[in-house]
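Chains as they are written, first to last, in our numbering: chain A, 1 to 781; chain B, 782 to 1047.
FYI, nobody ran anything at the bench for these hints, they're computed from the structure. Incorrect hints may have been included.
What the hints assert, rightly or not - The calculated lysine-lysine pairs, modelled on PhoX-like cross-linking and capped at a C-alpha distance of 25 Å, are: (1) A:Lys95 / A:Lys30; (2) A:Lys652 / B:Lys1014; (3) A:Lys22 / A:Lys122; (4) A:Lys570 / A:Lys591; (5) A:Lys95 / A:Lys48; (6) A:Lys122 / B:Lys820; (7) B:Lys820 / A:Lys30; (8) B:Lys820 / A:Lys452; (9) A:Lys22 / A:Lys652; (10) A:Lys537 / A:Lys274; (11) A:Lys244 / A:Lys76; (12) A:Lys89 / A:Lys50.
Said to hold, decoys possible - Under 7 Å between C-beta atoms, here's a sample of chain A residues computed to sit facing chain B: (13) Thr121; (14) Asp708; (15) Pro712.
We treat Cβ as the ideally placed atom computed from N, Cα and C, and that holds for glycine.
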Amino acid sequence: MGVEGIGASVVRKEDRRFITGKGRYVDDIKLVGMTHAHFIRSPHAHAKIKSIDTSAAMEMPGVVGVLTGQQIVDDKIGNLICGWAITSKDGTGMKMGAWPAMAPETVRFVGQAVAVVIAETKNQARDAAEAVVVNYEELPAVPDIRAAIKPGAPQLHPEAPGNVIYDWTIGDEAATDAAFKSAANIVSLDITNNRLVPNAMEPRAAIAEYNEPEEHFTLYTTSQNPHVARLVLSAFYNIAQEHKLRVVAPDVGGGFGSKIFIYPEEMVALWASKKVGRPVKWTGDRTEAFLTDAHGRDHLTKAEMAFDKDNKVTGLRVKTYANLGGYMSLFSSSVPTYLYATLLSGQYNIPNIFAEVISVYTNTVPVDAYRGAGRPEASFVVERLMETAARQLNVDPAELRKKNFITQFPHQTPVIMAYDIGDFHASLDAAMKAIDYAGFPARQAKAKSEGKLRGLGVSCYIEACGIAPSKAVGSLGAGVGLWESAEVRVNPVGTIEVLTGSHSHGQGHETTFCQLIAERLGVPISQVQIVHGDTDKVQFGMGTYGSRSAAVGLTAILKAMEKVEAKAKKIAAHQLEASENDIVIENGEFKVAGTDKSLALPMVALAAYTAHNLPDGMEPGLKEGAFYDPTNFTFPAGAYICEMEVDAGTGKSTFVNFVAADDFGRLINPMIVEGQVHGGLAQGIGQALLEGAVYDSSGQLVTASFMDYTMPRADDLPSFKLSHTTTLCPGNPLGVKGCGEAGAIGASAAVINAITDAIGNNKLEMPATPDRVWHAIHGNA
Amino acid sequence: MYQTTYHRPSSVDEAASLFTKGSDAKYLAGGHTLIPVMKQRLASPSDVIDLGKIKELVGIEPTGDGIMIKAATTHHDVASSETVQKALPALAYLASLIGDPAVRHRGTIGGSLANNDPAADYPAAVLALGATVKTNKRSISADDFFKGLFSTALDDGEIITAVSFPVQAKAGYAKFNHPASRFALTGVFVAKTPAGDVRVAATGASQDGVMRVPAIEAALKANWSAAALDNVKISADGLMNDIHGTSDYRANLIKVMAQRAVTAAG
Ligand SMILES: Cc1cc2nc3c(=O)[nH]c(=O)nc-3n(C[C@H](O)[C@H](O)[C@H](O)COP(=O)(O)OP(=O)(O)OC[C@H]3O[C@@H](n4cnc5c(N)ncnc54)[C@H](O)[C@@H]3O)c2cc1C
């Protein structure tokens, strides 16, 4: 590796503009003649709209237009869709209710838009919105899963009787039942996977501009995948044809999944920009983010694990109810099925697995992918069961895991996934060493003598990332292919532009992607520019999620790069009168091996563009594109161990130590990987200790601001001790697996395992607030 | 935010007369309660009268038997004041626990008391220390000042000018943070006067805002020690009950925080 090549902790190029406040986010963009949108949102969780009177608002100062849900239906704008078809166990398709971008008739969650005011200024739009009179007839609301599945519960959508969207299964039920029948021991748990609000730092925003003579739209939006947005907006929503719509996602301040989806506000902004003949801007505020960004998680699960007399796992049986909210968001159906149940084998050799997943509608904001998406829920089930089993069987939790680890690769699990490689013993051993596992009983005894409760919790996670081979996801119901595309352009002066369909919204692509070029050509990263986030510039792309940017996006760049190198070598060989096979690339020079003859990259590039002296028949220019479709998922895995001390008087848990040993395959930039792990751990710990979205019985979001929704802060978190054990991913030439979600996937079980160990009571729900922990210690007296 | 008219008077009298002229005027101090509420359009004062720049409202002075903190003094200035640290270290400590540095550099003692948030920290100190709230019209004893959730003895337009705190033989504060807002989920201030009287106030716990805790006062008067509270039973009746703390949990916190406050007081 060079100083800026693969494996170097290069300082992030993009940070200069971010930390000096010079990033360019959607809200920073101002177009000539721009108007401002303010949405009128339902205060009720479930209601019929009796009437909307916009006449007074229309007369207010600065108002350009007031548009309603009925108008969007009349204009034949398509309903929002869910792009992953799931088939129920009875063979029927999923039961999707209609979701118009603004409600014409019925509202199904607090915050759902029913109308929009467009005005000259933001404040004028807000003023006029207060003059819009909406008459509702309230309907009984279904605030959570238990309420949704009760016999006689209020029905949300006529398409989904009993509020059930699908009842899906995976695995061999009969074989799993048989394993339980012959089990020596059975461990079972009821688990609530708490609902989370993503809370990206930058709220969602959109600016739409319609060019009337060209019949062309431009949309600036906070998206993790602008090409997918364009595809969906044109193919399904009937707003513009694909070649008449440019989508730009400039700097985006975090997404965590919540900015994958196409939301009503973008659709309305586009549609409205044509209706009022002016650019329309909408910037959500934090309250709108709480009420309308897709939430994450929200499962109720019963899980059981069967063991033989040697403490080997013989079966796993899981029944999960998943809350998808009032409507089906873009990828919502896949999260509790193919991204969840397929990971239930964890790091273990489990011969029989059967899972049933029932997804339901409730009067809450839609739920979709959030950092980890399904895999944190799966890992939590498996790792809580393992820890519980160790306590019940009275064996050491690390030993029980080791006894059941998969050690032969590739390994086919009973739930679709074929793990390509890993070394689970290595990561658990590294974590145990880092935390001095052997010394824990002495530390625990010492803490006890000081009146403190101390516990240790292990979590060995695995995830499936880099999603995914297109053919595989297609056969499972996905509506899109999940490859990535790239173009490498060497300019005539030898500088390089890399166009990628991956989108960077905090991941550091502008640095890591350059490091690949530096590695291959030996040029400084300052000579390389990463271009992303604009459908007019980048050929195509599937975007960023599922820890896929390195494994899929960077591999696409590598493929394009290899084509560029091959052509450049031909040109250099021709110019140097050498054989193409003798050309080697070093420090930005094309050299004839074993001689002192060489040609610098700019000279090769210039030759390609002047085309005065190219090999016969060669096309001028030096730019190449590639599409890369992976052959398998990648499988990052690792071991987290957490040591906690609990104050019995208040129930407050404090970290003594938290160690992480991850296997991400090859690291492109260890510093950026470390940052990704820190962020993921913060969110996993946030779920375990702090965060939880709560709706009351009438469907009002109780935790609709930071005064009630506990975001993790620096002082809530320990100083993490990170390390890496490495097995190179055989599925891609770089050997990378992905690191973006691991922390969020593995951390929560480690924390809950540690606290339940400390207090000697295994019944504890997330978030494990001091109040809950205190009750778990003292009962409800 | 709705439109409003901003004023910057230079004296308390000028502020009071501006107040009477506005149709629905509001005083502004640190703005850390008022401005967020205005931004959310939950308050729409016709006039905003800034007290923060009035010189006579800022500063800390020793008095014969204690200290006087003027109303527009920030939490940061109280926390870092040598005068306060010497005379009433528990009060400086309390101020250092409010919010975060940004909040402490803007928020003021007068604003906090006028607002009387049921989970705010200062009310616990004012009540337990038997402080006196001075206004542009009168002096109000702590026992008469707090009137329940977000309400006080202040008349419309009345301005808090200062708070005077008598020194104590012992005083201590222990706060258990609300996980999200970091106000007090429950905070307890304990104080023992030179004459041996004990006053204990809890904030964040009661549905009616800051309150005294007679059971703990009695036990500590008999025996000033954390152990003296081991067998005290606090009733959960009338305590707040929400997703962050049930009423029985808060009842427990009153006792545990009182014990820790006594330990801190020495
Ligand atoms: C993020 C955050 C965290 C916080 N954390 C805490 C915490 O942990 N503990 C805590 O106790 N507080 C906390 N606060 C509250 C803060 O510390 C202030 O005390 C509080 O906002 C009020 O003080 P202010 O000076 O900002 O008043 P303002 O917001 O300016 O005014 C509040 C009210 O008091 C009135 N008022 C102000 N001064 C006077 C006066 N001299 N006479 C009469 N009326 C007056 C105003 O008209 C208004 O109605 C927090 C606030 C924020 C924003």
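Comparing the hints with the structure gives:
1. A:Lys95 / A:Lys30: violated (41 Å)
2. A:Lys652 / B:Lys1014: holds (21 Å)
3. A:Lys22 / A:Lys122: holds (23 Å)
4. A:Lys570 / A:Lys591: Holds. Lys570 (chain A) to Lys591 (chain A) sits at ~12 Å (cutoff 25 Å).
5. A:Lys95 / A:Lys48: Status holds; Cα separation ~21 Å.
6. A:Lys122 / B:Lys820: With Cα atoms ~13 Å apart, Lys122 (chain A) and Lys820 (chain B) stay inside 25 Å; holds.
7. B:Lys820 / A:Lys30: With Cα atoms ~23 Å apart, Lys820 (chain B) and Lys30 (chain A) stay inside 25 Å; holds.
8. B:Lys820 / A:Lys452: Violated, because 45 Å separates the two Cα atoms, which is more than 25 Å.
9. A:Lys22 / A:Lys652: Distance of about 40 Å is beyond 25 Å: violated.
10. A:Lys537 / A:Lys274: Between Lys537 (chain A) and Lys274 (chain A) the Cα gap is close to 24 Å, so the pair holds against 25 Å.
11. A:Lys244 / A:Lys76: holds (18 Å)
12. A:Lys89 / A:Lys50: violated (39 Å)
13. Thr121: Hint on Thr121 (chain A): violated, closest Cβ of chain B at ~12 Å, above 7 Å.
14. Asp708: Hint holds; Asp708 (chain A) Cβ to chain B Cβ min 5 Å, cut 7 Å.
15. Pro712: Hint violated; Pro712 (chain A) Cβ to chain B Cβ min 10 Å, cut 7 Å.
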